[in-house]
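**Student:** Once you've looked at the hints, go ahead and assemble the two chains, each given alone in its own frame, into the complex.
Listed below are the residues making up each chain.
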Amino acid sequence: MEVIYTGLRQTPEQIVSAAIQEDVDVVALSILSGAHNHLFPRVVELLKERGADDMLVFGGGVIPEEDIPFLKSKGIAEIFGPGTPTSKTVDFIRANIKRPLN
Amino acid sequence: MNELVRRCIAGDNRAAARLITLLESQDRDAYAALYRLKDQAGRAQVIGITGPPGVGKSTLVDKLITQFRGRGLKVGVLAVDPSSPFSGGAILGDRLRMQSHATDTGVFIRSLATRGSLGGISKATHAAIRVLDAAGYDTVLVETVGVGQSEIDIVRVADTVVLVSVPGLGDDIQVIKAGIMEIGDIFVVNKADRDGADRVVRELRAMLAMQVQLRQGQAPLSGPDTLAARDPDFMHHAGLEPGLSTGEAQESSVPPVLKTIAETGAGVPELADAIVFHFERLKKTGALEYKRLESIRYQLSQFVFDEITHLLSLSELSKVRDDLAQKVFSRKLDVYSAGMALFHSIPEQGATHEHPQT
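Residue numbers (my numbering), protein chains in the order written: chain A, 828 to 929; chain B, -12 to 345.
Treat the hints with care, as some may be off.
[Claimed, not checked] Short, incomplete list of chain A residues facing chain B, as computed with Cβ under 10 Å:
| hint | residue |
| --- | --- |
| 1 | V830 |
| 2 | I842 |
| 3 | V843 |
| 4 | S914 |
No lab work stands behind these hints: they were computed from the structure.
Heads up, the beta-carbon is just placed ideally off N, CA and C, and yes, glycines get one too.
Chain B extracted, bound-state conformation (with noise of 0.2 Å):
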C-alpha cells in the first residue's frame, strides 16, 4: 500500500487507478492510504458539473478539458453513471465523449458507478478526488448522474458548481424547483443556439437575483449563530465584507448566467474563465475554507453513518434487530422505544467491530 501511495503522488496513473479502485470497494487498507495523502491534498480546484440527463454534461466536460489543458493545467475527471438497483451493474458511458483525450498524459478520466448512492455521486467520489488532487491533477472535474430533484450531494465535493441546463426542458417551475437552484455557482445554458435560449437565461438571471435581495433582506434577522451568520459568502452576498462596497458585493455575488453550445465549444472559454474566478473570489474571501470545512463536517457524519450501517449488517445487531422487530409486530413495543434500544446496543455490540486503522 506504501508502495502504490508513493507511485500515486509520483504522478503513476496505474498507481493512481488502483488506488481508487480499492477505495471504492471499501477496503480497509486503503482507507490508511488517504492518510498518507492528506500531506498532498487540498491543492486541486474541484469543480461539479451537474443537471438533468441530456443536457450536455458531458460534451462540455470534454471541452472544458481542452480550455484547461490550453491553460497548462492538468485534469482529473470523475464521471459518474448511476448502477442498476436490480443487478448492481452498469454501464457507464460518460467517457465516450471524451476520448479524445485519452492520449494526453496530463488527462485522468475515471468513471464511477453510484453503486447504491442517491444523491448524484458515488460514495468513493471523495476519496477519488484526494487521489487525483494527491496525483498532482490541478483541476478536478466530477460529471455527476443527471440531477432529478435530490442529487445535490456534489455541493458537498465540489468548491464550484456549474448547473446545467437547455431551451426546451419544459415547465419554467422545474428551473425554480427548491433546491436546486441553490447549488449553483456559475449557471450555464447550453444548446444556447435552440430556440428559447435567451429566455432561459433571462429566466435563470431573474431567480437568481430574486434570491439575492431574499439573502439581503434576511440578513438584519439573523442572530450570530444562524448559519448565514456564519457563511462568510452569505456575509459576502450580504455585502457585509469589508472592503467591498455593497453595490459591488452585490454585483460580484449574484451567479453569472452564460450559454454554451458545447458541441462546437461556443462560450467554452468564458466558462472556464468563469470557473477560475469563482475560486479566485472563494480564496480570496475566505470562503473556500469555510466551504471545505462544511464538507468535511459532513463526510464525518457521513463516515459515521456508514460505520452504523455496517454495523448493522452484522450478524449480532442484525439478530437484535430483528428480535425487536418481532416485538413491534406482535405489539409489545412501538417503533420508537425499539428503535431507541437497538441505538443503545450499538455501542456495545460495535465494541468488537474492527476499526480501521488510521
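The shape of chain A in the complex, shown without the other chains (with noise of 0.2 Å):
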C-alpha cells in the first residue's frame, strides 16, 4: 500500500482534489475539532460530484457513538474510535476497497 499524507487542517475541497490527483482507491480521514458531522459528510459528496464515488471514505478520530449511525448514512463506510489496532484498519481496508486490487 502507497499512503499519500496531505497534513493537518485540510478543507474537503483539497482532499478531494488530492485524491483525484492521486486517484486513490481509499480516502482516510482523521478528525479531532468535532466538527465531523459537518466536514466528513461534505468530502463525500465532493467526490461524488466530481465522479469519484468509487472511492472508499471512512474516518477516525475523536468521534462521539451516537454520531456514527448518521455518518454511516452519509456515505462513510466505518468510523475507527481511539486506539483501533492498524492491522483492524488494513483488514477493513481489504474487504471493503471499491476498485479491484491489482
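**Tutor:** Given below as C-alpha cells:
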C-alpha cells in the first residue's frame, strides 16, 4: 500500500482535489476538532460531484458513538475510534475496497 | 481506453490521474494509450528538481508553482518518494508542502513511489510526464527522491535539471562527487540565510568553471564520432557554435549558481527566470532536440531491458535459468557460458510471449 499524507487542517475541497489527482482507492480522514458531522459528509458529497464515488471513505479520531449512524448514512463506510489496532484498519480496507486490487 | 485518452487531452484531471495509475501498474492497454497521446506530447518544459534529502526540494517546488502560475502557465508536479524495499509500500509526503495549490485547477500534483527503481525516479515517471504534457500542462516539475550518489536518472527525463544544495552539508568533497555535479543545469543553494551559504556558492562556481575549462581543453582531441562532438550542448560549451563569440559562449555556458530561501520565497523569481532562460537557450541552440533524442534512445534500451527482465520471470525461461544455475554450481559450466546460453534462449522462449499492442 502507498500512503499519501496531505497534512493537517485540510479543507474538504483540498482533500478531494488531492484524492482525484492521486487517483486513490481510499480516503482516510482523521479529525479531532468535533466538526466531523459537517466535514466528513462534505468530502463524500464533493467526491460524488466529481465522479469519484468509487473511492472508499472512512474516518477516525475523536467521534462520539451517537454520531456514527448519521455519518454512515452519509456514505462514510466506517468510523474507527482511538486505540484501533492498525491491523483492523488494514483488514477493513482489504475487505471493502471498491476497485479491484491488481 | 480511448475515452480516457480523449478526456485526458480535453484536460480532465480525473482521466489523467487514472491513466497515470494504469501506466504505473504497467497495464498493457495503457501503454497503447501512450500511442494516442503522442501528437499532444513534447510541448511542456520538463524540470527536474533534485538534491540530497532535507535540502528543501518540496518547499522550493511549492514556491516555483506559485511563480509559474503567476506567469500564466499550467503546472504539473510529479513528486517521487522511495518505496520500502521490505514491504513494497510507501509513505509519500512531498505533497504536504504543496497543498496550498490543491484547489487551483491549473495545478496537478501527483505522488509517485519508486517501486524498486534505484535511479531517483520511478519507472512510470516518463509516462506520467507524457500524460501531463498531453493534458495541457506547460511546465512539469519532477521532484526526485534525495540524490545520493547514483540516482541520476532525472537527466534522462528532464530538459532542465536544478540541483539543490544547502550550507553545512559537511565535507566539500560531497559536492564534487563525480556524476552529481555534471547533472545540474542550474545550481541552487537553498536556506541561503544560513552561515556558509556564500562559501558554498563560491565553491560551486569554482568547480563549474573548472568543468567548463576542462571540456574546452578537450575539444581539439575529440574526433567526429565522440559523444562530445555529437553533443550540440558541448559544442556550445566549447564556443564552437556559429554566431556566438567564444567569450559569449563561455559566459553563458557556465551553469548559474543561485541563492534561495524557499521558506520565504526569496530568490525563487530569479530561479524561475533562470529555468525559463535555460529552456529558451536549449531551443535556440538545437540542444533540446539532441537531449530529447538521447532520452528516447535511453528509454528504448530501458524498455528492452524491462521486457527481458519480464521474460526471465516467466516459467519457461526461469526454468532454463535454474537448470543452467545448477550446471554452474556443479562446475559443468562457468557463469559466462551459462549466461550466453540463457541469453540465446530468450528469442525462442520469448516468441510465444504476448507483446504489447501499439
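**Student:** With reference to the structure, classify each hint as holding or not holding.
**Tutor:** Here is how each hint holds up against the structure:
no.: 1; hint: V830; in the structure: 5 Å, holds
no.: 2; hint: I842; in the structure: 8 Å, holds
no.: 3; hint: V843; in the structure: 9 Å, holds
no.: 4; hint: S914; in the structure: 14 Å, violated
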